[in-house]
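J.: Here's the letter readout for the chains.
Number of protein chains: 2
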Amino acid sequence: MRIKVAGIGLTKFGELWDKTLFDLAEEASLEAIQDSSLKPPDIQAVFVANMIFSKVSNQDHLGATIASQLNIQGAAFRIEGACASGGLAIHLAIQSILAGTYQNVLVVGAEKMTDASISEVTSALMGAGSEAERQAGLTFPGLYALMAQAHMQQFGTTREHMAQVAVKNHYHASLNKKAQYPYEVTLEKALNSPCICSPFTLFDASPITDGAAAVVLTSASTNKGVYITGSAVATDTVDLSSRKSLTEIEATRIASQKALTQAGVKISDIKVAEVHDCFTIAEILAMEDLGFCEKGEGGKYIEKGITKLGGKIPVNTSGGLKACGHPVGATGVKQIVEIAQQLRKKAGLRQVEGANIGLTQNVGGTGATVVVHVLQS
Amino acid sequence: MRIKVAGIGLTKFGELWDKTLFDLAEEASLEAIQDSSLKPPDIQAVFVANMIFSKVSNQDHLGATIASQLNIQGAAFRIEGACASGGLAIHLAIQSILAGTYQNVLVVGAEKMTDASISEVTSALMGAGSEAERQAGLTFPGLYALMAQAHMQQFGTTREHMAQVAVKNHYHASLNKKAQYPYEVTLEKALNSPCICSPFTLFDASPITDGAAAVVLTSASTNKGVYITGSAVATDTVDLSSRKSLTEIEATRIASQKALTQAGVKISDIKVAEVHDCFTIAEILAMEDLGFCEKGEGGKYIEKGITKLGGKIPVNTSGGLKACGHPVGATGVKQIVEIAQQLRKKAGLRQVEGANIGLTQNVGGTGATVVVHVLQS
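First to last, the protein sequences are chains Z and B. For the first sequence, this note's numbering begins at 2 and goes up steadily by one. For the second sequence, this note's numbering begins at 2 and goes up steadily by one.
Rather than coming from a laboratory, the hints here were simulated on the basis of the structure. Please note that the accuracy of each hint is not assured.
The list makes no distinction among identical chains, and a pair is therefore deemed to hold if it is satisfied within one copy or across any two copies.
Unchecked claim - EDC-like mimics (lysine to aspartate or glutamate), calculated; alpha carbons at most 20 Å apart, straight line:
id, residue 1, residue 2
1, Lys296, Glu251
2, Lys259, Asp43
3, Lys296, Asp24
4, Lys305, Glu161
5, Lys20, Glu132
6, Lys259, Glu298
7, Lys313, Asp36
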């Protein structure tokens, strides 16, 4: 498999009161199309990734809406799989190119979360989880906190290990002008911020974010450029209570093994990765389930600085969901944009030296959907 | 292109107070999987088509939810494009098979519309249209009524022509046990029912429906069975006011020409069709834009009985959206189920003699998305 990432586009992430979902989608899309040296009419299909706009703004049919806004008359789709919507849209866009049906496609992930009230957004986001667990009173911080508690008990992971994820990702975000929170935080600040759901403090959680990311994918094949060489999706039960383990996201293991096999590389070949740190424990689980370290060692692995810029395998150089922000439908696409920038050697202050193979991991819910991509230059 | 329709499944359509969306999706899916002689673990990807469940029941992530309910551990997606969600899901499932990524995939379209209040459902459905036109006070009956008024003025189409669509489709539904309204209506009854939006009476509109439809698509290729040989999507502006014409759905013309070319057949080769008669005028427009008759002649064409069972090209043998029902996310999948039954010669009292090539046309909004499929046996 060899799909060219021909263009990338990304808006500022943050609380963007003066922009609509459509403003954001257009800005990222036009940037990606321009970057690809194509024109809008060259795009034959548009894949829109979005989770909550239908609920908070009662606007569906985003595929055709955004396509016509961009003066693209081709096919258009909206893809949704909770917070994995972006990764799923990339995966399906790739299929349509591999099928030979479309040659140039646009994937745009966009989310406008700050126009609704916090209670409305919180309720909308719970649509990613199971009805039974919601009725039992669980929220997403609650679900991930259960996973964190189990990990702490079983493997001795500490609150400091988790806080280190936030400290690292804020440091990376401080080098990224597009990040929602482009500033550093200290370990003390992270640990002593208000508890939101034990063992989590505020700094263990990703924020509510507006933003959009776009990529143009093409069938073009030359020796130059960045290519997606592996793309895989795996699923699991939506309810956490039906899983075999609270301390493993099995779908990450399955999807990453498939994607790495497709790409013909090993996890040890990966030089840079963007993973789904919706909560700090999620990045620890990702390190283990992707195979960067042994099960139970994720906290210590991160503490060693291996995944910080300058370390052996920098992870979430964008700042991750934690500090770059988490506009849910955009996140899976933004991960591809960040890795493509790294592989193009255009990541500026965040540049990982020698980055030639990268990986993205995008999670829906507590791991009911996982999408893994491998990119190579 | 040659994608096998290996299995089909369909629930009763209607006001199904005793069933949830998940009951309906499971029933149709298991029927389709059993019909294909596969087992659930053989299915590598699940494509769920749904429009309003996220809004009326606050449950997203339907891909993983329904996949795990069926004990399928593969990839899973939710595809949305308003009332064209079903057709789009079929189109994307086909791409994933053509890509060589998946060999056996399930597409299930499901919608549960009667659990919400009428005002809630009406509001949810308006998400298929443009915000500007909604703010101007337009509803979908209003939008299609504008198209009908223009067609009447421009081409002399009459209320009787439109009512004939309802009479024909109710007759077909009277032969279909799965239909929501399996009974005939007279022309007088249709014409004299209450006006809902001039020139439409109640019988010009499709109903609010619960139901699900599923198909198993495979890469298997033998001489036997039913195959999808053409699949195309076209889009247009979501707002009707930006279109060149009120009396043509251009996306139908573009998508059908592509799909027919792919299949290597002409419109005159089609022996049976399921088209998107959300309002009676939509079936008249479909006849013209698909090329069954000249522009402006749709009303007279239907009046001649050509599209009634026993006629040359029976259209909407299921009863169509009008009388079989219109569970929005399921509709595009149900159209494939009906044509597959016809091509298998298993349509019972509705069987079209000599049916070997069929076509489906699935519309989102007022034609912002159109999906056309060609099936052959």
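J.: Broken hints, numbered, in rising order?
T.: Of the numbered hints given earlier, those the structure breaks are 3, 6, 7, listed in rising order.
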